[in-house]
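Q: Residue numbers (our numbering), protein chains in the order written: chain E, 1 to 272; chain A, 273 to 588.
Derived from the structure by calculation, the hints contain no laboratory data. Among these hints, one or two may not hold up.
Unchecked claim - Simulated crosslink set (SDA-like; lysine to any residue; CA at most 20 Å straight-line):
id: 1; chain 1: A; residue 1: LYS552; chain 2: A; residue 2: ILE574
id: 2; chain 1: E; residue 1: LYS271; chain 2: A; residue 2: GLY301
id: 3; chain 1: E; residue 1: LYS271; chain 2: A; residue 2: ARG289
id: 4; chain 1: E; residue 1: LYS268; chain 2: A; residue 2: LYS454
id: 5; chain 1: A; residue 1: LYS409; chain 2: A; residue 2: LYS454
id: 6; chain 1: A; residue 1: LYS345; chain 2: E; residue 2: PRO176
id: 7; chain 1: E; residue 1: LYS268; chain 2: A; residue 2: LEU517
id: 8; chain 1: A; residue 1: LYS409; chain 2: E; residue 2: SER91
id: 9; chain 1: A; residue 1: LYS440; chain 2: A; residue 2: HIS463
id: 10; chain 1: E; residue 1: LYS271; chain 2: E; residue 2: PRO176
id: 11; chain 1: A; residue 1: LYS454; chain 2: A; residue 2: GLY331
id: 12; chain 1: E; residue 1: LYS271; chain 2: A; residue 2: ILE443
id: 13; chain 1: A; residue 1: LYS345; chain 2: A; residue 2: ARG275
To be verified - Using C-beta positions, here's what the derived DEER-type ranges look like:
id: 14; chain 1: A; residue 1: LYS440; chain 2: E; residue 2: LEU132; range: 56 to 66 Å
id: 15; chain 1: A; residue 1: LYS409; chain 2: E; residue 2: THR27; range: 50 to 60 Å
id: 16; chain 1: E; residue 1: ASN28; chain 2: A; residue 2: ASP382; range: 32 to 42 Å
id: 17; chain 1: A; residue 1: SER330; chain 2: E; residue 2: THR27; range: 38 to 48 Å
id: 18; chain 1: E; residue 1: ILE193; chain 2: A; residue 2: ASN294; range: 22 to 32 Å
id: 19; chain 1: E; residue 1: TRP263; chain 2: A; residue 2: LEU381; range: 26 to 36 Å
The model shown is predicted, which means the values in this text are computed figures rather than measured ones. Just so you know, even glycine gets a beta-carbon here, dropped at the ideal spot from N, CA and C.
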Amino acid sequence: MESAAPPSDQAQFFTALRRQFRFYRRTNRFYGLLGFVLLVSIAFLVVTLVENSNSGNAASYVASLLGAVPTFGIIICAFIGGDAIAMDFGSGTGYFMLVLPVRRSVLLLGRYVAACAVSFCLLLVVYATALLGASYFFGAGAIPWGTVAQSLGLALLYVLAVVATAFFFSSFFRSPAMSMVVTILILFLGFDIAQSIVSVAGVEPWFSILYAGDVITTVIVPVAHKTTTGMGRFHFTTFSPYIWEGAVIMLAYFVVFLGISLWIYQRKESKG
Amino acid sequence: MARIEVVNLSKSFSPSRPALVNANFRYEGSGAIGYLGPNGAGKTTTLKLLTGLLRPTSGEAAINDVNLVVDRKRALADVGAVIETPEPYPSQTVAEAIEMVAEFRTGRLDDVAGEIGDLNTKLELPPLTQLTGRLSKGQRQRVVIAAALVRDPKIIILDEPTTGLDPKERILIRNLLNDLKKDHLILMSSHLMQEVTEICDQVIFVNEGQILVRDTVENLADRFVARSVDAEFATPLSIDRIRALAPLVKDVVVVGERRFRISFDGTTSARAEILAGLVKLGPVLSYQSASLVLEDAYLSLIGGGVGLPPPPPSPN
């Protein structure tokens, strides 16, 4: 017999996106992250106002606050997307959602775009604060709007990459909380430590998403690709990614980890 | 016509641990099928295979002729399911959780409010504006059953649907399922023989991953006739007068002032002959199986040697 046809994949994608966005927006973690980002951004604004330490020009001022975006991005994306797959296999949510006539890939993509949208909105708070401060100190006309827009584009790419990575890690855990914690530890501490180690060896940490995230600020205030400092026999080399290089690393993270996450999610079974 | 078909369906979680072995059944049209077996028998595994939550190791499961592995979305297009303990997003309200399912099923929300109103009447849902994360177990179970029924899917798959419900809620669900089975195909697993007896027309017994019996409740009643009956007389009666009905009667014990539990060999004709004999002894108020037919069938098939509880000691 012919079954009643469910809606198209496209229609179901928008249903998943809208419902998931609403879900994220109502969670305590969203308000916690919003409070955290607001607190740090406002603290930066207040300190620069009180100390009148405005970094000399608008570009440097904006870049100094946006320097926190890669770190904030990892924390935000891990908290928002770190349980995306785990929640369906570690709690009863999967038994509610996965028996519906909807492709798992559609469900996951809707969830992914919602997580990216929420994470990006939270990062926009940092941009808004930086631009507000720069307008106050230097006037809106002094702000390098073109490079700030490029930075915003790179920040969006960064969010796409980090959320994809968080989704990937979440596919290995049953506990949503454990998934979030491990994602933060690996992305934040793990990559930071690995970067420090390879820098001592003079190797460029091209594998690190945290490293790639530097382009969010270096697109506004360019930095030399390679800087070596030290005395006598001891040298320490720091790298800064080229803009194209950072974008390629982020794109690679996005494609590889989202692809693997989709593959795992479609095949994962509800055994518990 | 709604159709569920399982062909040589097997599932193993490890080579030494088959959860389901070569299961075969096919049901179509309407009615209620009870899926019975002890814990770990393979009931939930089967239902998970039928909803795409698990992939078969071998064999096929199809709904409305659509293989679950090939096209899960189309196979589940007309299915409402409650497997294990589903949880809607905790920050959704009751109404939103049901609406979301309706939207995924049909893409429309235009008439969903009325439908939720109907489900609210039938299932006595908690307040529709309450967050599902704050519901009790019983309330949440009623909400997920409502979500399974929204948009009126013709096939309903339920995994122990009354778990966690109080007696009133169980009656509510039982009445609802009895109503639905007239024009829906319901496959439900349960531990509660009473529930299955009252709802299901057909039953499947499964144990250690193997389907042991598939039949209608009536046929099972013939095959596994109750082996003891309770008889109540209008006036006191000596137990010896009933024992005198031997060899039809194997044993008699007093279970009340005028009530006796009579054991016999277990054929329908023996049961009828005993009744005829008892009527000659005095006015019989009631005469019924001391246990449910399905309970007897279950114990005969599954084994385990669990007998009936011992009757209270005789006052004589």
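Q: Check each numbered hint against the structure and report the violated ones by number, ascending.
A: 1, 2, 4, 5, 6, 7, 11, 12, 15 and 18
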